[in-house]
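Student: Residue numbers (the numbering used here), protein chains in the order written: chain A, 116 to 343; chain B, 28 to 603.
Treat each hint with caution, since some may be false.
When the alpha-carbon atoms are kept at most 27 angstroms apart in a straight line, the in silico BS3-like pairs for lysine-lysine are as follows [to be verified]:
#, chain 1, residue 1, chain 2, residue 2
1, B, Lys218, A, Lys232
2, B, Lys136, A, Lys227
3, A, Lys227, B, Lys194
So, partial list: chain B residues that the calculated Cβ filter (under 10 angstroms) puts toward chain A [to be verified]:
#, residue
4, Ser162
5, Cys216
6, Glu300
7, Cys313
8, Tyr323
9, Ser540
Hints listed in this document are in silico derivations from the structure and should not be mistaken for laboratory results. Treat the numbers as computed from the prediction; the structure is a model and nothing was measured. All C-beta atoms in this analysis are idealised placements derived from N, C-alpha and C, irrespective of residue type, glycine included.
What follows is each chain in one-letter form.
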Amino acid sequence: MELQLALALPVHNSVKGFDLNDGDIESKEPVASQLWSYGGSLESKKCLKNKRSSEEAFGKMGGGVPQTFPLMVWSGQPNEEDDRKGQNRKTSSIVNKNEVEENHAVGWPPIKSWMKKQLHQQQQQQGGRVKNDGVAERSGGRNSLYVKVKMEGVAIARKIDLRLFHSYQALTNTLISMFDREQKFDKNGVSYTLTYQDKEGDWLLAGDVPWQTFIESVQRLGIVRNGG
Amino acid sequence: MMNYFPDEVLEHVFDFVTSHRDRNAVSLVCKLWFRVERFSRQRVFIGNCYAISPERLVTRFPGVKALTLKGKPHFADFNLVPQDWGGYVQPWIEALARSRIGLEELRLKRMVVSDESLDVLSRSFTNFKSLVLVSCEGFTTDGLSAIAANCRFLRELDLQENEIEEKKNHWLGCFPDSCTSLVSLNFACLKEINLVALEKLVARNPNLKSLKLNRAVPLEALQRILMRAPQLVDLGTGSFVLDHDSDDSETYRKLKATILKCRSIRNLSGFLEVTPRCLPAIYPICFNLTYLNLSYAAGIHGSELIKLIRFCGKLQRLWILDYIGDKGLEVVASTCKDLQELRVFPSDFFGAGHAAVTETGLVAISTGCPKLNSLLYFCQQMTNAALIAVAKNCPNFIRFRLCILDPTKPDPVTMQPLDEGFGAIVQSSKRLRRLSLSGLLTDRVFLYIGMYAEQLEMLSIAFAGESDKGMVYVLNGCKKLRKLEIRDSPFGDMALLRDVGKYETMRSLWMSSCEVTLGACKTLAEKMPRLNVEIINENDQMEFGHEDSEKVEKMYLYRTLVGPRKDAPEFVWTLV
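The shape of chain B in the complex, shown without the other chains:
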């Protein structure tokens, strides 16, 4: 029936189909739909930059305006992937520039970006509007100068947790006076900033809705900035510190007055340095906050933190350090009835226990916040009973990541593994998409996961399981699995080779410090030409003198349509 409509009608209908997956599905219906869909596609998501080539992107989607690219594997965040592994954005930008695509938005995660890439980017796309860089590296503030100077219609520059070399240039001053289109600016990950340029920039950009400052912006400057931008919805403070000078009570008074005018702030973060006694200045905006991120606010402890939370009755997302403690989490549970997402980060990596949370806090949250659907929880300990209670109270988890700081710790009350607890979670949260495990775990937990976690897409395993059976349960049972990352677990060749076809249905598999041997990896690579099986070995020479029976320290495999990558460094060996 749809074949009788002209292409424009089809296209119009497809305009309503926005999710990447849906559009991918649409494109598979028939050749006509494939053709119409590909010309009308504006937003493309590439979860692994090595799965496809820039040239193929450009050929298939000539109308692309917004591109998301991800590079390194997730475990790179934790230093498990060596420097120079790869993930370069340069070839993508070059290909897009060459084909004169009208790129407007670029979002990169865990990629290597160079100043040259940024320069080419800034010069090649006249309508470029939005650059979001998350956990990237390889560039300096010179690259940012190019973006500022050349992107005339820039709306968004969002730098999250990048490694940026800061030069003595004042990149912020490179925004021309004619730049008045900024809506979102985030430079919290930088150490320095030119305050004068910043204040001028804020003053001439009345549409600014999101502003995240860095530590170099003192309280006085924050006050002046807020005066200029009372319309902000999203604020990240920099330094929230008053020294002992005499002017400060005046600054503080002005700040309090200014903040009262900022009625639109719904998201608050920052406090990279804090004098806690200044916190009352923000109490008036707490009432309307829906997102509060204090995960970098190491200066706010215990009682001050709790006092602050008491004002935040409308919170939906809370990111916090474990200074909150179990008692504090009880306060969160009784205050934040709309809470959907909670992240509790550790303040003390040693697990010594002086400022930590336990199962008690989590149970309290689950009791008070039944809408909870996303959790990241670093804690001292966890019990099966607690997890079972949490599962019962909150059946709506989409993301459940539990990290017990001592990774093989059993239930301290029963001394049992935590299989039953996690089993309860996967059984009750039928829409669970992401799961991270920790604590003492046997193969049993994987049996449960394979049985119940039908929607699971990403699973992170560390120091868990007893035998190959564990991994096999997961590969067999989780039909929607896309990303599996495993470290320090006793899974080996039998599990790896059990169902080689499975890996083509997934984006990637990471296994480090497991029991897989070189021989098995070679077998896998041979059987599956559309997988890149990479062995990462920093210690010694690749390809020479290695026995097949040798255990592989790090293996990363991913499906790809373009064969082994040509930019792999010496220490990465792609098996064929």
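Pulled out of the complex, with its shape left as it was, chain A reads as follows:
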């Protein structure tokens, strides 16, 4: 299956486990929003479940010298390498060099942990609030932007958090993984096009406008079959 977006970015396929079922978003926490999993039990529980994908997501961090450790590098292009350092995310505020090397420093950026928790919970709530009639608009809070994705020929629509991506290529690769698992495709030249519905309700081809513009106006996604 290929999606017709002519972008020359490398494929990555380490963002597995994106089985976002409506209303069950909590169990498969999107990778990126776990990057801040220190000092809050809410975060750390989820983090332990998806330890592996977090490891894949981070590039190599390192160096014991404070100046060199890059704290929040989410480039959207995760390293293929596994970071095998013990990812010991405790809820308490133990500051030791290991943790610093493990990609985040406790207490940075200096935002009240209370505020962080609140906004995280808001994001959870807005993400999880889906109508039973299935007509949920794009929803999300500070860190997520969930939109429905309906693939032609597939009965059940999915939801995906667009804030995890910073490019069309990243998005399409994830969509490929997502729908590939559900359908047995006829590999013989069936191709699909990614479309989206914008604020005005029009269906447009994805990829024509810059990613930022796309993010601001996309309401839902559609994957349509080409040709016969």
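Dock chain B against chain A, hints included.
Tutor: Leaving out everything else, chain B in the frame of chain A:
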């Protein structure tokens, strides 16, 4: 000359002396003044609850009516201080209750409060009027029930960002029908609320001026509440959401009409959940707003946010998420000419950059808002040139806190440290009292701070500096320094011990993940008996098997008149 006046005259004169510092100064003039001042003092501020004991408070100021207490160190806000470190209010309330002091107001910050404390508080002071709890923890809504039920003349209950365990009781319903004296109620930090009790409470309290709701209050309820309380000056909305039902256009219409009647609202906050298309309902009140806090309004983005701001021409304080973007800040700069305080919080902690502000936004603000005196700015990056421009445009900073999300990032244009930029700020803002640094910084910035920041009282340092010299510049130069907090910076024993007397002129010093050793801390503690030097070590046994040459992970020292505290947990070791 003043000695010839009877005490009552002195007292009357002292009534005009209201600031804590001035009163403290007055009390030092002579024994007579000390005596008159202490009996007439009604408001007491204790910035570190371990600097003095409750008994001494009660002895010296028997007439105290309003007390402010602060507990944990500031870095506790960022999870750097372990649970159970301390800061208990119980002994204070007990001491005040025992001595039959007529306490009327209590304001607590970063303290541990129990239901029992709240219960004792509610029963011990008949004229108790005001309880303000900021970043506190340890209590449940049972404690709030006691306050509601027993404080007959309660005017203010203000709960800001506390960790409160919510039980199934309806604490709000514990306010008796006879309670009609409320002026300020803030329960935004709770998750639930009894709506029926709330509406009844608002209806019978016509003096209510400040009301901050929580997420459990839906739009329909907000409309009914505003109908009852059009006199509000300070409003925090809860949920500002319309679902897709058919009634909603009616609700929305009613809301718009009701809001038009609320002509007194000057401070607006909340929007803990938002459907942006409802925002036009509040446009009519935007014109008169002087304070707008959207820092929890994660649902308001980009263009909607900007549209809203365009209506707020009189804003003096704006708290916002970085969804505003640099372009949005340009709109703020051209709209809010009276702006004095700006706080821009990060929406994305990862620093990935999709919804962030940079130096461009800050320069725009400084150009358009020359009255700016207080800044908290989380951004992707900053340049020296920008900071220099900001310093020139706004020479009136009292508070300047810059947080570059990548904490050791240099000026991206020149790849230089940000020493010159911050140097410009401290040099131009002669009244600067509070400063937080970030970005790549060498010892040079501290040289500037020591040289120019004459009024500086609080300095926060993270991932900065190159050697002990940096810290020494600050300790030597900043004569008014009261609070110094440092993390992850290469300051060690030489700096720590350079001027041990300095720490008695300060409230406290925090150093974590620096280069100070246990031996140096011991030396300091030995030389300065009126300092509590606390070593916080969660990892292993205290006091055994530690070499003096070992680096200390977290040290917190503070001046005190009452020696090592008796409530320290196992993982806190007070050196003597």
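Student: Hints first: check each against the structure and report whether it holds.
Tutor: Hint-by-hint comparison with the structure:
no.	hint	in the structure
1	Lys218(B) with Lys232(A)	13 angstroms, holds
2	Lys136(B) with Lys227(A)	13 angstroms, holds
3	Lys227(A) with Lys194(B)	24 angstroms, holds
4	Ser162	7 angstroms, holds
5	Cys216	8 angstroms, holds
6	Glu300	7 angstroms, holds
7	Cys313	22 angstroms, violated
8	Tyr323	6 angstroms, holds
9	Ser540	6 angstroms, holds
In this structure, only the earlier hint numbered 7 is contradicted, and the remaining ones agree with it.
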